[in-house]
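As you go down the protein sequences, you meet chains U and D in turn.
Be aware that the first sequence starts at 1, since it is given in my numbering, and climbs by one per residue.
Be aware that the second sequence starts at 493, since it is given in my numbering, and climbs by one per residue.
Bear in mind the hints are in silico, worked out from the structure with no lab data behind them.
Among these hints, one or two may not hold up.
[What the hints assert, rightly or not] Restricting the straight-line Cα-Cα distance to at most 20 angstroms, the calculated cross-link-like pairs of lysine to aspartate or glutamate (EDC-like) are: (1) U:27 to D:527; (2) U:27 to D:542; (3) D:546 to U:69; (4) U:27 to D:535; (5) U:75 to U:57; (6) D:516 to U:21; (7) U:254 to U:299; (8) U:27 to U:117; (9) U:101 to D:535; (10) D:516 to U:117; (11) D:546 to U:21; (12) U:27 to U:39; (13) D:516 to U:94; (14) U:358 to U:319; (15) U:318 to U:344; (16) U:13 to U:39; (17) U:27 to D:502; (18) U:101 to D:529; (19) D:552 to U:67; (20) U:250 to U:209; (21) U:75 to U:52; (22) U:424 to U:446; (23) U:75 to D:502; (24) U:254 to U:243; (25) U:75 to D:499; (26) U:27 to D:499; (27) U:75 to U:21; (28) U:49 to U:69; (29) U:27 to D:528; (30) D:546 to U:293; (31) D:552 to U:69.
[To be verified] From chain U, some residues computed to sit far from chain D (all C-beta separations above 10 angstroms): (32) 36; (33) 52; (34) 92; (35) 93; (36) 114; (37) 132; (38) 143; (39) 154; (40) 184.
What you are looking at is a predicted structure, and each value in this text was computed from that prediction instead of being measured.
We put the beta carbon where it would ideally sit given N, CA and C, even for glycine.
Spelled out from the first residue to the last, the chains are:
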Amino acid sequence: MWYLFAKVVSMTKLKILAIEDDQLFRKVMASQLAGHTVDFAENAVSARKKLETGNYDLCFIDLKLGDQDNYSGLKLIPLACSKGIYSVVMSGHDSQAFIEKAHELGCNDFYAKGNEENNIGQVLARFCRRKEKSKEENVFKEHFVTEDPATKATITEALKYAPSDLPILILGPSGTGKTSLARLIHDFSRRKGEFVAINCAAHTEELLEAELFGYKKGAFTGANETRKGKLLLANKGTLFLDEIGAMSLKMQTKLLKAIEEQTFYPVGSDAPETSSFRVISATLEDLQSLIKEGRLRFDFFQRIHGLTIRLKPLSERKDDIFPLISFFTRQGRRLSFTQEAKTELLGYNWPGSVRELKKLADLLVAGDEGRVQADTVKRLLNSLRPEEGASGFTTDEQYRFALRQGLNEAINRFIDGIIEKSLKAHNNRKYATMRDLKISSRMLYDSLRRLRVALRPLRKNKKQTPAVSINPANIAPTSGSNDTKAEEKVVV
Amino acid sequence: MTDNQPEPLEQLIHDVNSKCASLKSAVQLLRNASDDERRELLELMAQQAEALVKIIVEYKNQQ
Ligand SMILES: Nc1ncnc2c1ncn2[C@@H]1O[C@H](COP(=O)(O)OP(=O)(O)OP(=O)(O)O)[C@@H](O)[C@H]1O
Ligand SMILES: [Mg+2]
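Using the sequences and the hints given, assemble the complete structure.
Rendered as structure tokens:
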């Protein structure tokens, strides 16, 4: 596959100041630095003025500026450093004393004049590598926080391919940062278009098709207006397919065709749309099983797995726990832990990975404990984790209810309670609820119908502030059912 | 190093080295230069050679 080899090598145009009194040498430099924006200073006074602007990526400094000059180039090094300009000293005389002095003053590179054809190229390559390195370090401190060498290497590798069209497949358990990484790759891709994400597990087949390809007004019940699909919205950008294992084989075939031809038909339309986008996909399922069990078409898999990235669960990179906590609390209250609390955090196995850690950090910040104690950590971790023993998960009230009304009723009531809570937490945003609870749209709508029925008598008597209100325009059709109709103007 | 005036011989070595280095690099450039560039380079190289002679003579006169 061509794209496996489409490694991107990019050399940016640099702003360079060359401080050099020798006219012939300036000519040599101008030629060797062609392609960059180059400015010259012939003496120390003019060099100072130009360096003061700080408007350069790097500067080449000749040690001796004029026949009678007393190595005034050396004195320019601290100024360049203070302005954050990478300074390269060049000298016709590479005595050890000069090299040491220049480095002492803070120069970043030093070379002996006389072989500019090779030297300048090497200096620029070293500069770019350093710049890349510090950019990378910034990524691991500000964007995808990790101190784990293997994870750093994985992300660095992925970011190398960010500007290419190479499809990327991200694997990893829930909460390991798959979505965050997909977004980071997009941010580094220099694409003009948007990052458009879709969770394939949160939609029925018909709804997924409508979401991906868009639809024409009247294409199906509830299609009250023509709507653009994610494929079109991702034009010149990135399409992030989350939970690809949940996509039906039929949908995989359709999507494969759209990706390959960059053309597709919205539902109910015979006018083709064109869109070119980069595909990043993710799944927390085992890839081999998906293929073996025939849930992932091999040709579709081939198309989406240009580069495969596996993110380790937090339990395999525990060195990241404290840097992540610092990151999550960077804009608010900083946390401090007793030694026992630290041991507790390091001993825990983090089944929900980074997401679970983030939730814990949020809870700790909201608390009022000065120094976090081990007991607090234990208590909060317990509250985040479902009880291990099944019976501990069931309250006496639930048990009595099940005895009275039957288990099915009890299960529904349990589901409805959780869904209602989540909708409230998300300001009634259904997608957020489906994503968080990892449920299908069918489950959500069934529950909403039950909630509406349960509250109907109340509405008749008294106007209630709705706990959940649903805009029917946002309710997408479900397959082969009349649910949509039944749910019109639902106010629970 | 920068506080005291450098030794004249040390200065001379530095200047000769620098000027020769420019000449060496200019020769590398000549290979792929256009006619106009070549003319300009050769002119500058000739001036550089004269400058070399001058600093050596000056040094000799100082001794
Ligand atoms: N390395 C990281 N640095 C900073 N924040 C992170 C990192 N990894 C994950 N997070 C944060 O943790 C949370 C979960 O991450 P994310 O949604 O990217 O995980 P995921 O693997 O996509 O989860 P799921 O499998 O449930 O889709 C998010 O709030 C995200 O911002
Ligand atoms: Mg995700």
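Hints not upheld, ascending by number:
9, 17, 18, 26, 30, 34, 35 and 36
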